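Engineer: Line by line, the protein sequences give chains A and B.
Using this note's numbering, read the first sequence as starting at 44 and increasing by one per residue.
Using this note's numbering, read the second sequence as starting at 44 and increasing by one per residue.
One copy or two, either will do: identical chains are not told apart, so a pair holds if it fits within one copy or between any two.
Straight-line Cα separation of at most 27 angstroms, DSSO-like style, residue types lysine-lysine; simulated pairs: (1) LYS181 / LYS260; (2) LYS252 / LYS321; (3) LYS181 / LYS321; (4) LYS252 / LYS181; (5) LYS181 / LYS250; (6) LYS321 / LYS260; (7) LYS124 / LYS181; (8) LYS260 / LYS250; (9) LYS260 / LYS124; (10) LYS321 / LYS250.
No lab work stands behind these hints, which were simulated from the structure alone.
Everything numeric in this text was worked out from a predicted model, so none of it was measured.
Protein chains: 2
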Amino acid sequence: MRTASAASAASSPKIAPPPAAPHTFDKGNLALRLGSAAAFAVFFFTLLYFGERPWAKLTWLALMAVVLVMGVRELCLIARKVGHHPSVFGGALVGGGFLLHFYLSSSAGVIATDPLPLWAVLAGGGMAIHFGALLFSKDPLENALSSQAITWMAALYMGLGTGFMVKLFMLDGTTLANSGARFILALFLIVWLGDTGAYFLGSAVGKHKLAPRVSPKKSWEGALGNVLGNLAGAFIIRTWVCTQWSVVDAIAIALLLGLVGQLGDLAESTWKRSAGVKDSNMGSLGIPGHGGMLDRVDSLVFAAPMLYAYLFFVHGLN
Amino acid sequence: MRTASAASAASSPKIAPPPAAPHTFDKGNLALRLGSAAAFAVFFFTLLYFGERPWAKLTWLALMAVVLVMGVRELCLIARKVGHHPSVFGGALVGGGFLLHFYLSSSAGVIATDPLPLWAVLAGGGMAIHFGALLFSKDPLENALSSQAITWMAALYMGLGTGFMVKLFMLDGTTLANSGARFILALFLIVWLGDTGAYFLGSAVGKHKLAPRVSPKKSWEGALGNVLGNLAGAFIIRTWVCTQWSVVDAIAIALLLGLVGQLGDLAESTWKRSAGVKDSNMGSLGIPGHGGMLDRVDSLVFAAPMLYAYLFFVHGLN
Numbered sequence: 044m045r046t047a048s049a050a051s052a053a054s055s056p057k058i059a060p061p062p063a064a065p066h067t068f069d070k071g072n073l074a075l076r077l078g079s080a081a082a083f084a085v086f087f088f089t090l091l092y093f094g095e096r097p098w099a100k101l102t103w104l105a106l107m108a109v110v111l112v113m114g115v116r117e118l119c120l121i122a123r124k125v126g127h128h129p130s131v132f133g134g135a136l137v138g139g140g141f142l143l144h145f146y147l148s149s150s151a152g153v154i155a156t157d158p159l160p161l162w163a164v165l166a167g168g169g170m171a172i173h174f175g176a177l178l179f180s181k182d183p184l185e186n187a188l189s190s191q192a193i194t195w196m197a198a199l200y201m202g203l204g205t206g207f208m209v210k211l212f213m214l215d216g217t218t219l220a221n222s223g224a225r226f227i228l229a230l231f232l233i234v235w236l237g238d239t240g241a242y243f244l245g246s247a248v249g250k251h252k253l254a255p256r257v258s259p260k261k262s263w264e265g266a267l268g269n270v271l272g273n274l275a276g277a278f279i280i281r282t283w284v285c286t287q288w289s290v291v292d293a294i295a296i297a298l299l300l301g302l303v304g305q306l307g308d309l310a311e312s313t314w315k316r317s318a319g320v321k322d323s324n325m326g327s328l329g330i331p332g333h334g335g336m337l338d339r340v341d342s343l344v345f346a347a348p349m350l351y352a353y354l355f356f357v358h359g360l361n
Numbered sequence: 044m045r046t047a048s049a050a051s052a053a054s055s056p057k058i059a060p061p062p063a064a065p066h067t068f069d070k071g072n073l074a075l076r077l078g079s080a081a082a083f084a085v086f087f088f089t090l091l092y093f094g095e096r097p098w099a100k101l102t103w104l105a106l107m108a109v110v111l112v113m114g115v116r117e118l119c120l121i122a123r124k125v126g127h128h129p130s131v132f133g134g135a136l137v138g139g140g141f142l143l144h145f146y147l148s149s150s151a152g153v154i155a156t157d158p159l160p161l162w163a164v165l166a167g168g169g170m171a172i173h174f175g176a177l178l179f180s181k182d183p184l185e186n187a188l189s190s191q192a193i194t195w196m197a198a199l200y201m202g203l204g205t206g207f208m209v210k211l212f213m214l215d216g217t218t219l220a221n222s223g224a225r226f227i228l229a230l231f232l233i234v235w236l237g238d239t240g241a242y243f244l245g246s247a248v249g250k251h252k253l254a255p256r257v258s259p260k261k262s263w264e265g266a267l268g269n270v271l272g273n274l275a276g277a278f279i280i281r282t283w284v285c286t287q288w289s290v291v292d293a294i295a296i297a298l299l300l301g302l303v304g305q306l307g308d309l310a311e312s313t314w315k316r317s318a319g320v321k322d323s324n325m326g327s328l329g330i331p332g333h334g335g336m337l338d339r340v341d342s343l344v345f346a347a348p349m350l351y352a353y354l355f356f357v358h359g360l361n
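Looking at chain A on its own, in the form it has when it is part of the complex:
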């Protein structure tokens, strides 16, 4: 539909002013930022502490469902900004199918009993997205292909991201009690200390651009700080939380989560950049003081499956 010239013409004004990097701190609303962070922290650690209670697992599932819907909505809004017509409902429905699969497949504690198989979510999801657009979409035909594809991608991105976080929360460890909560704490601490290390080292000595096209404020020094933060997080976890991890486990997990976390951050920046958006919530509903949901979870979405895969293939947990 769009000629190359039209594309470049339309895009040039977007590319000109480099948008802020996703993790730039907004000092304007620091109080609001700290307030909502504190509120989340209390809620978060309460759930982790009672991690083995069914109500805690259900509450975590509900929290992930909220994250899923907010993320799908933001991704669809970004796509609509550039003329596609993805379905927030379709994306949330199919993404919810993934989320429910991961909850049900481990709620019995046994992966073998699988009331909602992943293949059924995929087959049903394809029919829901493609047939739903065919039967109910009032949008013009021009973008049928890209709109249905973006609905699929939103469902996969947020459904798998939140689904693996549910899977991790519900994992039964072999040695330590309340293992699932320990793994979630590991995931968040390793990723968050990585973000923090990247921010401080990057803003202190950041010189060499990492990906100027995609995220102008990121530097290789920041990437190094990210890895150092990941390693610090992994060793803190190994010392006090997942004490069964070997030194090799801690290093491997830190490097793996650090790698996919940073790439995930860049990938999400690319999507925003392709739509000329700086803040994934686009100034609308977001997390008070923290902007968009996508900006908060872009690293976790890939770090969660990576941590689960390590625990599954290396430690034999499922």
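Got chain A; can you put chain B on it based on the hints?
Structural biologist: Okay, now just chain B, sitting in the frame of chain A:
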């Protein structure tokens, strides 16, 4: 990137001349058409006859891999025609992951042993598609979101479509020998007799347009002929092939496959229409005399998982 006015302006010339319906017979190359159909029939029935031999299962997997790559390529070409930059390699790679999962999960005859879990294909696929585009794509950023989404959709559409056909081929029935081959024969005969019934009844008495926007030559009379063809196919199968099916099984399978088959056909027409393409192979490499691969498999891609789901949930096969 595109304004509404620009979109409608760009699209109007495409929408004006209604393209031929996907299943219109091309009398020009009838000989070539019959020739390649005959060659496929010999190959197809040989594989079905030896369906329980490992080499036949491997050959079927290889055939499905060829179908997968051709379909992914066509879908990506259609998308590239309208300015997106999906990756044929990425789509074929991740689609191949789905295909391999379905082969490996049942090659042992037991679904429990799952060397390549579906969740791993999904998690790895997301990283391959999004990180691959980030690291290796030379395409402009404008379409990063839609291009990666269409790569995902191509992988899902063809990977699941061919994957479920491999799954069906390798199913072990409870009563009859060589059940997998019987199910594949059922799938193809029910869908093909549906297409045939739609063509003849549609061209004979077709009056009331079914979906003028999407596929102008389709009529409600054709849709009825499709269902009659599906029913005829299901009862032929019940009488001589899957003799364990009850009358209810035959009717339910015919109606379910007929419904998703026709919707799948329309969905694929929508994608072609959105790009102003008539033939999914776009005049390039296709099946001699039969045009594009997508046009041949658009019904099977959704009918296969539907048949598998029926056999799994109703007959308890897996």
